[in-house]
Amino acid sequence: MNILFSKILSVIVLLLAISPLHADVIAEGKKLAFDRKKGNCLACHQIDDGELAGNNGPPLIAMMARFPDRNTLYEQIWDPTKKNPNTFMPPFGKHGVITKDEINKIIDYLYTL
Amino acid sequence: MRIASKLLFLLIIINITAYASPEEDLELFRDHFQNRFPGTEFSDFNNGVYSIDPASREQWESIEDFPPYEINIEQGEELFNMPFKNGNTYANCFENAGIGIRQNYPFFDENRNEVVTLELAINECRKKNGEKPYSYYKGGPMADISAYMAYTSRGKKFNLQIPNNDKALEAYEYGKKLYFTKVGQLNFSCADCHVYQTGTKLRADIPSPGIGHATHFPAYRSVAGRLVTLHERFAGCLNRVRAKPFKAQQEEYRNLEYFITYMSNGLEINGPGSRK
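So the protein lines, in turn, are chains B and F. Just so you know, the working numbering puts 1 at position 1 of the first sequence, and the rest follows in order with no gaps. One rule links them: number in the working numbering = place in the second sequence (from 1) + 1000.
Simulated from the structure, these hints should not be mistaken for laboratory data. Hints are supplied without guarantee of correctness; some may be wrong.
Cross-link-like lysine-lysine pairs, in silico, DSSO-like; alpha carbons within 30 Å at most [to be verified]:
1) F/Lys1177 / F/Lys1157
2) F/Lys1138 / B/Lys38
3) F/Lys1276 / F/Lys1127
4) F/Lys1276 / B/Lys31
5) B/Lys38 / F/Lys1247
6) B/Lys83 / F/Lys1244
7) F/Lys1167 / F/Lys1247
8) B/Lys82 / F/Lys1182
9) B/Lys94 / B/Lys37
10) F/Lys1201 / B/Lys100
11) F/Lys1182 / F/Lys1167
12) F/Lys1201 / B/Lys82
13) F/Lys1138 / B/Lys31
14) F/Lys1177 / B/Lys83
15) F/Lys1157 / B/Lys94
16) F/Lys1244 / B/Lys31
17) F/Lys1127 / B/Lys38
18) B/Lys37 / F/Lys1247
19) F/Lys1201 / F/Lys1276
20) B/Lys94 / F/Lys1167
21) B/Lys82 / F/Lys1244
22) F/Lys1157 / B/Lys38
23) B/Lys38 / B/Lys82
24) F/Lys1167 / B/Lys83
25) B/Lys100 / B/Lys31
26) F/Lys1167 / F/Lys1244
27) F/Lys1276 / B/Lys38
28) B/Lys37 / F/Lys1167
29) B/Lys94 / F/Lys1177
30) F/Lys1244 / F/Lys1127
31) F/Lys1244 / B/Lys100
32) F/Lys1182 / B/Lys100
33) F/Lys1156 / F/Lys1167
34) B/Lys31 / F/Lys1201
Given the sequences, and given the hints that come with them, work out the whole structure.
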């Protein structure tokens, strides 16, 4: 009984993960990451199939493996000066360049890389 | 690269705590850029990003074969020689009748206790002779005259001397502080891009080395399709980091120009230049 229940649950979770809704969020996150007026992460990082990428930050690859803790990634985007006061990376959240919600969408996208 | 950035970090620390002399700053700056770009001759740093990026240099050199600013130099010469209503000319306001003197600006005027730039002096000359000052923005007659005066000075080297006077050192220190302070929504300092990250790519843009910045202004920018004065360029970079720019020739910018020009000491005037 319990096993059956958890099996059903995991199928539901799997369906949710590949649901069109989530795919939309990921596409939106990608757009935000590439948009010059929003994240503009491409200005400094090589990402995915992004064209004319900058190279002063590390390439954003294998994000799930390198940032298993979502919060660490969130903090890096919200305010990287906490970790490195002299960082070249702008404090996107703290300075209101992008919202909390937008950062979360970007993170959803980054976790597909 | 690592050693160089440590050096610069040291530079900031030293300056905040022990007040390095301008001479010491200059030596650290030069060492930093020479270590960072070992393939670039020191004398070539007056060519900005083209001194470090061979790919864009080639394109630029073919543009310089038919310089887009040639007409501005001609117009500038004409304006320069045209008498004011009272019969005087610019030649009356400047040493050596205004020819070959670009390298002497900016300087600290010990009577006025402030930095005087060439473009400020041009407008003061106009006012003294009963004429209206020119705008420092959007090219036009100010940029043309400034371009002509730079052109007559090509080949002369900057050799700014900071007088041993507290006010002069204060102006220099202020300019330096502005250069190293992070500003704006995007939280960048001039030094972030033109010292620490010079040579890296920001999308397709490569920030040029922070020495040799003052030698070739005003510069013809192809994106603008006209000459751009140095202070207008400062404003361009500040807008980009979403910081509020100062007004052209405001004291802050004159002090900033004083600092960056001092950092160009030993490099030849090659203005007007052409840039993307």
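message: Can you confirm whether the C-alpha distance between lysine 1157 of chain F and lysine 38 of chain B stays at or below 30 Å?
response: violated, 43 Å
- prompt: Does the alpha-carbon distance linking lysine 1156 of chain F and lysine 1167 of chain F stay inside the 30 Å limit?
  reply: holds, 27 Å
message: Please verify whether lysine 1182 of chain F and lysine 100 of chain B have alpha carbons no more than 30 Å apart.
response: Holds - the C-alpha atoms of lysine 100 of chain B and lysine 1182 of chain F are around 23 Å apart, at most 30 Å.
- prompt: Does lysine 1167 of chain F lie within 30 Å of lysine 37 of chain B when you go C-alpha to C-alpha?
  reply: Roughly 41 Å between the alpha carbons, so the hint for lysine 37 of chain B and lysine 1167 of chain F is violated.
task: Given the hint that lysine 1167 of chain F pairs with lysine 1244 of chain F, test it: the Cα-Cα distance must not exceed 30 Å.
output: holds, 26 Å
- request: For the pair we were handed, lysine 1177 of chain F and lysine 83 of chain B, check the Cα-Cα distance against 30 Å.
  value: It holds: about 23 Å lies between the C-alpha atoms, which stays within 30 Å.
- prompt: Is lysine 1177 of chain F within 30 Å of lysine 1157 of chain F, Cα to Cα?
  reply: holds, 25 Å
- request: Measure nothing beyond the straight line between the CA atoms of lysine 1127 of chain F and lysine 38 of chain B; if it is 30 Å or shorter, mark the hint as holding.
  value: violated, 46 Å
message: Hinted pair, alpha-carbon criterion (30 Å max): lysine 94 of chain B, lysine 1167 of chain F. Please report holds or violated.
response: Roughly 37 Å between the alpha carbons, so the hint for lysine 94 of chain B and lysine 1167 of chain F is violated.
- request: Compare the distance between the alpha carbons of lysine 83 of chain B and lysine 1244 of chain F with 30 Å, and conclude whether the hinted pair is satisfied.
  value: With a Cα-Cα distance of about 27 Å, the restraint between lysine 83 of chain B and lysine 1244 of chain F holds, given a limit of 30 Å.
Satisfaction of hint between lysine 82 of chain B and lysine 38 of chain B, Cα-Cα up to 30 Å: This hinted pair holds, its Cα atoms lying about 21 Å apart.
Straight-line alpha-carbon gap lysine 1276 of chain F to lysine 31 of chain B, limit 30 Å: The hint holds at about 28 Å.
Comparing the model with each numbered hint stated earlier shows that hints 3, 13, 15, 17, 20, 22, 24 and 28 do not hold.
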